[in-house]
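Engineer: Those protein sequence lines, which keep their order, are chains A and B. The first sequence lines up with residues 245 to 562 when you count with this note's numbering. The second sequence lines up with residues 37 to 311 when you count with this note's numbering.
Warning: the hint list may mix true and false statements.
Heads up, simulated SDA-like pairs for lysine to any residue below, C-alpha to C-alpha not over 25 Å straight-line [said to hold, decoys possible]: (1) 305/B <-> 382/A; (2) 305/B <-> 384/A; (3) 305/B <-> 187/B; (4) 250/A <-> 546/A; (5) 427/A <-> 276/B; (6) 305/B <-> 374/A.
I should point out that these hints are in silico values taken from the structure, not numbers from a laboratory.
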Amino acid sequence: MAQIMKMVAQRFALGFLTLFVVSLIIFLGIELLPGDIAEEILGQGATPETVAAFRRELGLDVPAHIRYVEWLWNMLQGDMGRSLANKREISELIGLRFGNTLFLAVTAAAISVPLALTLGVLAALYRYSFYDRAVNVVTLSSISFPEFFVAYILIFFLAVTYPVFPSIANISDATPFWDKVYKVLLPALTLTLVVVAHMMRMTRAAIINLLASPYIEMANLKGLSRARIIVKHALPNALAPIINVVVINLAYLIVGVVVVEVVFVYPGLGQLMVDSVSKRDLPVVQASAMIFAGTYVLLNLLADILSILTNPRLLHPR
Amino acid sequence: MDATLRLLRSAPPTALFGLFIIFAYSFIAIFAPVLTPYGETEIVGAEFEPWGEGFVLGTDSLGRDMLTRLIYGARNTIGIAFLTTALAFLLGSVTGFLAATISGWVDQLLSRIVDVLMAIPALIFGLLVLTIVGTSITNMVLVIAVLESTRVFRLARAVAMGIVVMDYVEAARLRGEGLWWIMTREVLPNALPPLVAEFGLRFCFVFLFISALSFLGLGIQPPTADWGSMVRDNATLITFGDITPLMPAAAIALLTVAVNFVVDWFLHKASGLKE
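Bound conformation, chain B alone:
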């Protein structure tokens, strides 16, 4: 507890701000049903009602309460992005460690596959696959997880490459430990710091990717509340000088900035660099 406090006191204001935002978002996401005045898909008034009593932020294109949708959006959008990132990390780091630990043709094969996947721009590849398999949340999560795992693979492999040549890994090999044991007990703990920082960055990318797809109408499908599609559905309001549709977009921007601040701080600490 003391150590945590000391660590927090040494953090720059940007990182503290970032941590605060992340905790606030998680709190809102977890307690969404308690915090909201109405149900997620409940139609409670006329379309596009202005801000005022009853509806703090007005209503959306179907007459649902904006504030309620915004709070539920935190739960859905962040939850799905987090799940996708976690999946990408599982896939990317397992294959990356495998490539580094076994090396030889396994490494060659996996690396060439990743090279090709990375040669196609992610959004375009995502659109193509979604046409083939159809748009649904599960499909989107899988597609983005696979696409993002290529970047995790590169990092995991590069980091693990430096670890598998260490004496203690050699010792473990001579001791007759299995592949899985070496990967999880020798490589993973030593590769953790860069991977944690990468998790933050990847989360931002995934989060923006999902929001972009939802904004294009190809990601999270209605009636699920989600920030990307909320912007899209209510965008017409902007031409009347109403900033309500900008709020879900601002919510996305605020979270990505917050995560970036924290990752920046973490990288500085981990590398011991000053500038």
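So that you can see chain A by itself, here it is in the shape it has in the complex:
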């Protein structure tokens, strides 16, 4: 047990170190640029006075390390400063949108995870059959499609030709819950198609890997049915890699929503970030990047820790 705790603690330390370095990069990225970010953003027509004023506004007249500590401290307290474009509080701007992004990601996960596991187990069960090959080709292709292609195909069929779902997911705070779910279904379906392939292939591979082990052969010789062997005997031992790939895909869902949000005009954090990049609204981009990267790092950390905790060899040392 002590060994496990030590490994988990190590992962935690490593995770937080990564987060720290990531925040350092996101904040100090501007410093690496030759020249001056204020001049760069304002363009050539700016007078020295406007540049100086803008530098003060960005806080560039203070040394970098002091700015960084201040920024991190404020960030931890939930104060992310103000947007350059419309002078609004960033935390206010982001809070709601991040909630929307999480809502979309969770809906997509609720559809994709059970679907991927079922497809994966079935593919392992009917290995090399027509079904297995068909699922294999379909998932391989869906990985190679750009997200907006999948999104527009779904819009074309499910919103235009057969108007079942709305093509625009414009939800707000006031939208009732089930209405929200209905509107978010098409973007969630797009994300599902994008992530299911990876999860399903891992599930299949993890189970097939185990099917060669002696205890499965034993179960086979006892005369158990294939379905029972896979669900009762193989699946529990395949859990570690499966959980791992599921959590990594959740991380991808939260980060990968950017393009899908833009297609469906969904008011999420990704949409905000893209808008801010084209306006070069640096504080908003930094804050969004920090939130996205933080979620990504933390979920990867969770995947690491879960795979340690579900490893039977570590849980029952001799």
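Given chain A, put chain B in place with the hints provided.
Structural biologist: Here is chain B on its own, set in the frame of chain A:
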């Protein structure tokens, strides 16, 4: 010539299909000016004209011929993606081989830098850097090349690690050969097969990455014809039941699928695995 033919005959239909698509795309990309009826940015008609005579696939949001833009898009999008991938490979494999050959603190330093870069999701990192340096094709190519080179670094280092402990590398070292000689003459030829397969996969990622950025309006800038931004500019047509904007997206999808098929075949051949 005979060997090539025999190799092709042994290829599965998916790989043949993939090769065919790749050659067709390259042909279209190279001979774009000959194949197109109009100029790349030439405005030839009214906005959003339907399919028909004169404009086989209609016109786009500014009245430019869709077919022409689609063909030029092959040239621009694939060309830029190829250049970016090549750059990522140059950077990634040189640093990866360096890390493996010198090892010690150089390896530690490079590996830790790559660890941190990989901890940030690529699209988010790309967006952040593009805000700082501004959106342009050169910036985008450099940013994506650096981000993708981290993955190439990991593979190049791992493969080279297995090679530098071989006796022939030891012999070269004792002979007094320099670092560059060892990297290019001993390590590179032996590390080539996995790197070639990786090149195909990385190309797909880069290609999708660039298309996504262009689709978001942050990649290849107008008036250059490019598939990602073509989808974005003409997306409104979809709500009227017109599939024209789906064609550039389908063109992207077809190429990535084709490359994946070929890479799959190559990996099977290289590893000698059956399943």
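Engineer: Look at each hint and say if it fits the structure.
Structural biologist: Results of checking the hints against the structure:
no.: 1; hint: 305/B <-> 382/A; in the structure: holds (23 Å)
no.: 2; hint: 305/B <-> 384/A; in the structure: holds (19 Å)
no.: 3; hint: 305/B <-> 187/B; in the structure: holds (23 Å)
no.: 4; hint: 250/A <-> 546/A; in the structure: holds (15 Å)
no.: 5; hint: 427/A <-> 276/B; in the structure: holds (20 Å)
no.: 6; hint: 305/B <-> 374/A; in the structure: holds (24 Å)
In terms of the numbered hints stated before, the structure departs from none.
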